[in-house]
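Build the full structure now, drawing on both the sequences and the hints.
There are 4 protein chains.
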Amino acid sequence: MIKVGIIGATGYAGNEIVRLLLGHKDVKIVWFGSRSYIDQKYADVYRNMFQLVDDVCMDDNMEELANQVDVIFTATPQGLCASLVNDDILNKVKIIDLSADFRLKDVNIYEKWYKIEHKAPQYIDEAVYGLCEINRDKITKDTRIVANPGCYTTTSILTLYPMVKEGLIDPDTIIIDAKSGTSGAGRGAKVANLFCEVNESMKAYGVGTHRHTPEIEEQLGYACGRDDLKLIFTPHLVPMNRGILVTAYANLKKDVTDDDVKAVYDKYYKDEYFVRVLDKGVCPETRWVEGSNFVDIGYKVEPRTHRLIMMGALDNLVKGAAGQAVQNMNLLFGLPENEGLQLAPMFP
Amino acid sequence: MIKVGIIGATGYAGNEIVRLLLGHKDVKIVWFGSRSYIDQKYADVYRNMFQLVDDVCMDDNMEELANQVDVIFTATPQGLCASLVNDDILNKVKIIDLSADFRLKDVNIYEKWYKIEHKAPQYIDEAVYGLCEINRDKITKDTRIVANPGCYTTTSILTLYPMVKEGLIDPDTIIIDAKSGTSGAGRGAKVANLFCEVNESMKAYGVGTHRHTPEIEEQLGYACGRDDLKLIFTPHLVPMNRGILVTAYANLKKDVTDDDVKAVYDKYYKDEYFVRVLDKGVCPETRWVEGSNFVDIGYKVEPRTHRLIMMGALDNLVKGAAGQAVQNMNLLFGLPENEGLQLAPMFP
Amino acid sequence: MIKVGIIGATGYAGNEIVRLLLGHKDVKIVWFGSRSYIDQKYADVYRNMFQLVDDVCMDDNMEELANQVDVIFTATPQGLCASLVNDDILNKVKIIDLSADFRLKDVNIYEKWYKIEHKAPQYIDEAVYGLCEINRDKITKDTRIVANPGCYTTTSILTLYPMVKEGLIDPDTIIIDAKSGTSGAGRGAKVANLFCEVNESMKAYGVGTHRHTPEIEEQLGYACGRDDLKLIFTPHLVPMNRGILVTAYANLKKDVTDDDVKAVYDKYYKDEYFVRVLDKGVCPETRWVEGSNFVDIGYKVEPRTHRLIMMGALDNLVKGAAGQAVQNMNLLFGLPENEGLQLAPMFP
Amino acid sequence: MIKVGIIGATGYAGNEIVRLLLGHKDVKIVWFGSRSYIDQKYADVYRNMFQLVDDVCMDDNMEELANQVDVIFTATPQGLCASLVNDDILNKVKIIDLSADFRLKDVNIYEKWYKIEHKAPQYIDEAVYGLCEINRDKITKDTRIVANPGCYTTTSILTLYPMVKEGLIDPDTIIIDAKSGTSGAGRGAKVANLFCEVNESMKAYGVGTHRHTPEIEEQLGYACGRDDLKLIFTPHLVPMNRGILVTAYANLKKDVTDDDVKAVYDKYYKDEYFVRVLDKGVCPETRWVEGSNFVDIGYKVEPRTHRLIMMGALDNLVKGAAGQAVQNMNLLFGLPENEGLQLAPMFP
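Chains A, B, C and D, in that order, give the protein sequences. Sequential numbering of the first sequence, starting at 1, is according to this note's numbering. Sequential numbering of the second sequence, starting at 349, is according to this note's numbering. Sequential numbering of the third sequence, starting at 697, is according to this note's numbering. Sequential numbering of the fourth sequence, starting at 1045, is according to this note's numbering.
Any given hint could be a false lead.
Listed next, the in silico DSS-like pairs over lysine-lysine satisfying Cα-Cα at most 30 Å (straight line) [stated by the list, open to error]:
#, chain 1, residue 1, chain 2, residue 2
1, A, K267, B, K389
2, B, K538, D, K1234
3, D, K1274, A, K230
Across the chosen pairs, the derived CB separations fall in these ranges [claimed, not checked]:
#, chain 1, residue 1, chain 2, residue 2, range
4, A, I109, C, A888, 34 to 40 Å
5, D, I1160, B, S384, 26 to 32 Å
6, D, T1184, C, N763, 46 to 52 Å
7, A, K112, B, M349, 53 to 59 Å
8, A, K270, D, Q1166, 51 to 57 Å
9, D, S1127, B, Q426, 55 to 61 Å
Read the hints as simulated data drawn from the structure, not as lab findings. Just so it is clear, the structure is predicted and the values come from calculations on it, not from any experiment. Where a beta carbon is used, it is the ideal one built from N, C-alpha and C, also for glycine.
Right under this line is the structure:
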């Protein structure tokens, strides 16, 4: 039985980790960390867990926690995980960090985009970027830190990676137009996220400045051997709870058909349990992945302008956060990668 | 391995049966019946099942089906199940009928409220009303037909049953004000159920005439030994996918406190896995049960008017349809009652 | 040109007053009061008003304001209006108070239910309860304070008033089950009102304790000559922006048909511009009144239980707040009652 | 008093024309045409109009209608308007066609993209493309046919036009990612538009094939003197009733700042009542234009990739359909362009 601690268990992603791990046969959660709700019953904060979780919320004392558990999930604001880890802790437990602290390999880019000082740059190199479908080989029982990718980045990278890697598209022309449900904005009490502000509206935000931009650039840069890749990433807020939809555009470098594109996607994802390459002509829709760890990918060659349109959809709280974290945990502990994650999408 | 056939697999309840059974370790679905989509791939109708279900939709030939499976779920319009069953079939397979065909013991009431002739009244007596928490003892391996209760009735009966049974309230004063998400209206293409008609609106419907009324009356009548019980049941449509909330009112017959009321609920439900009696002062909310088979129950004594307010919430597609059907199946085959149904509610 | 000041112009009701008055040909708003956004441009707080309102938010100095305007709308938390008014002010301007400060004639009931001390009880008697359809005669150019009824109370009272007044129903058996969109909860930054908390869920709240209860009791008590009327009022939160739906139940005191009930409603409302008594068998739906000052009323005799079901729907921000306030203003200044309020409902 | 007839009055756009014209002081609607609801009371089809419209739905006999009215709005499926008009009719009344029949100047492109034969190509040349902000001079009392632009095209063209016209961007690199509320899909009873199918989901559709593409290309082609302009237009469906948001991308041809971009927008739109050019750094949101005829425009220079991001938002049923049609009517009859259209946006 793997003993799990969660720091930040009362955020939406934290609650989703709890939901998934309650259905994981090899795991027991022993620490529900939450600064905001310390000493309160977890099931009073998230009543979906009434009679399923009896625990009380704990603090985020990672030192103590490291003595009690095998793996820690940190679902916390940027900077917190980096401020807590040290060698002593890392020698005792594995860390799966759902924040951005260890995602970017270039600490300067981190500090520039996140506008905070990185408190533990010495661990950046060893941290593995936990996009399992791409970095599976590096996520092993020897890994100490997994930087779990976020929702926008997971969708964007998985949608674009094979096309960039195989040189079908010109990476300098990539435009990513992303749309997200509102759970990605977190559970903080802000006027902008009130029901009446979000419902019946949509907007772009963080235009030209969103922090997920350099992460996508870095990872796609690896795919095409470029360290100066620049692309446009524009996130939008949509009135729904869960779901990310990415519509990406790029100039084609080759004359290809939809079938050719599918063949390339299949080359990379045919054996991936969680990536579903859709048939030609079918567009991904977030309703078909809700509640599951699937990513659905669609594509359309636009011959009139010689561009490729690529689309990806996932549930931001599952494959875009908690599900991917559990997938990483499975890899870290040598379990079947989809253990506890074989949930069929829930519709409607 | 229990072999399952579903007639009406392409309705919302049918799809939910599929979702739940895919996570049930003792079951294999071998027949996806659907008149509307015959010969089409099931996963083309419900793309959430892409790469999870490879089957093609079949007809509703129950004779043939009976030779292939151990149990048939009928998630079909009223009247269809009754028109298909016969002795030969019932001797081969068990039927779990999600329609109303075998719910009402009085065939005249059925024909009056549903305005159709009952095609198989000879099986009404042996059919068990499949509200497991109340009729568990009658749902055994000898049972041939289970009449699976609907969403409104399950919520209403479970919320009111202990209070009626124990004589805390005057059954002649019961008023049930019920609110439902829109998946209860089914997948038929009707203007009234279009997104723009339902979204940002609410309404009562079937006021004084809704067909679930006599079913609630009949079952609560059993609880208090009355065959002439009459109550008010008013359903409302609310702009959300899933969820039933029942707010029920009745005159108190005894001087009780909230604690007393809880004690009565606990007497009936303390050991029930799927019924969660909430703490005093906590109101049920549908978000806390979504995707799960739980029913949450709250209550409030209103001393100024000497009435009791009772509230129940569940997911209409799970405990209100497919989940309850699987729960019944587990009982029929001697499995643990919550096998395949231990899903934590999904929030948000 | 009537000069208007608004205290609390940056709440949802305040913004709705602005929307309506921009379309009122006899009015000019000269003071946009807001404690939270003082000195900020109003159109930066509510961008719907970009290029329509150039003003900057002011404080709530009612003394100064009284010198500049003819009428003040106070759309503020309970207690504020009572703490600001005095004789000097009331001799200069009219006050239309959208809070509860002057709605209840019994100050003890106010202090008990609102749990605050009333700062200006001396004005309670002269304040007119501004439900125009019932108190029209008292809302004149001599009136100094109008207590503008709230959303739940307006719907409940208009729906029940003729039935109580005419003795069709037993007032001691009234049960009001009310459902509200979320704008009624205001623009405060609370976790409970975040999009993801409200969306795809519903709940009862304030069960047995909601502050609108005594207001409804007081007004309906006048209708039947009772000062001890007690009823049940249960509000619910529904995932939509605007709209109140009231479903009310009571025992019939007379043998009546739906036609008889309609005749009574027509007696009271036939000439009312803003009250639409629906045809027999038609239920009100909030979508049909959105954005307008209409109240739609439906009804159904339930002969099996000898009860009457009454239903009312309105837009909580219009007839339930700002629209009614403008209607009151029109009466105070001798304008046609529907001036500026002849907006057709917007659908979808 | 201008006498108006509407063919297709029972679609969403038709109902919105009715809503707007009820508030227009110079207009009387005398013909509510609807094939589907002929002889039914209009207010029974759209109950928002109860007690506001007493008329019964008529057929679409344009000959007869032409004798009774001054102007006909056709809010009908593609092809119908073209099949009804003739010289006799055009000599009697003006036609404002909300369908695509007369929008495209090249009949071959029409027939290729719409896959129907054009029944009245002889009138294409004289029809004026009714985007008032661009073609105002051509919409006069001598105009017989106005081709009223659709929602996607209005948003896209107004957002891109000044940038293309002034040569700030390379028109061959334009990518338009558009998101729409669901009312744009119409009131037809289709499974794909049911509440439960649309709610909590989003998707792209018509990728590479949407019929609005050539219309945008044609109009922007005029702006830059190109008849072979090709661009990408990708529409998405979002779970909300009203609202279009366009996010458009193009390569910059000049080194400009956000201030420079604003200056160009202001050059074109400063005096336009209905176009609101937002301040630097502010993104348009559909909630701020709901119910109104405004278009809000935002922009962001992305210097890292030397591209320009342009954003436009409007209410698809107002400026994207009925409001623009009324704006055109005002021009045709020499009325102030914003007569009846000075509604402030409604929020929330």
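query = For this structure, which hints from the list above don't hold up?
reply = Hint 9 contradicted; others consistent.
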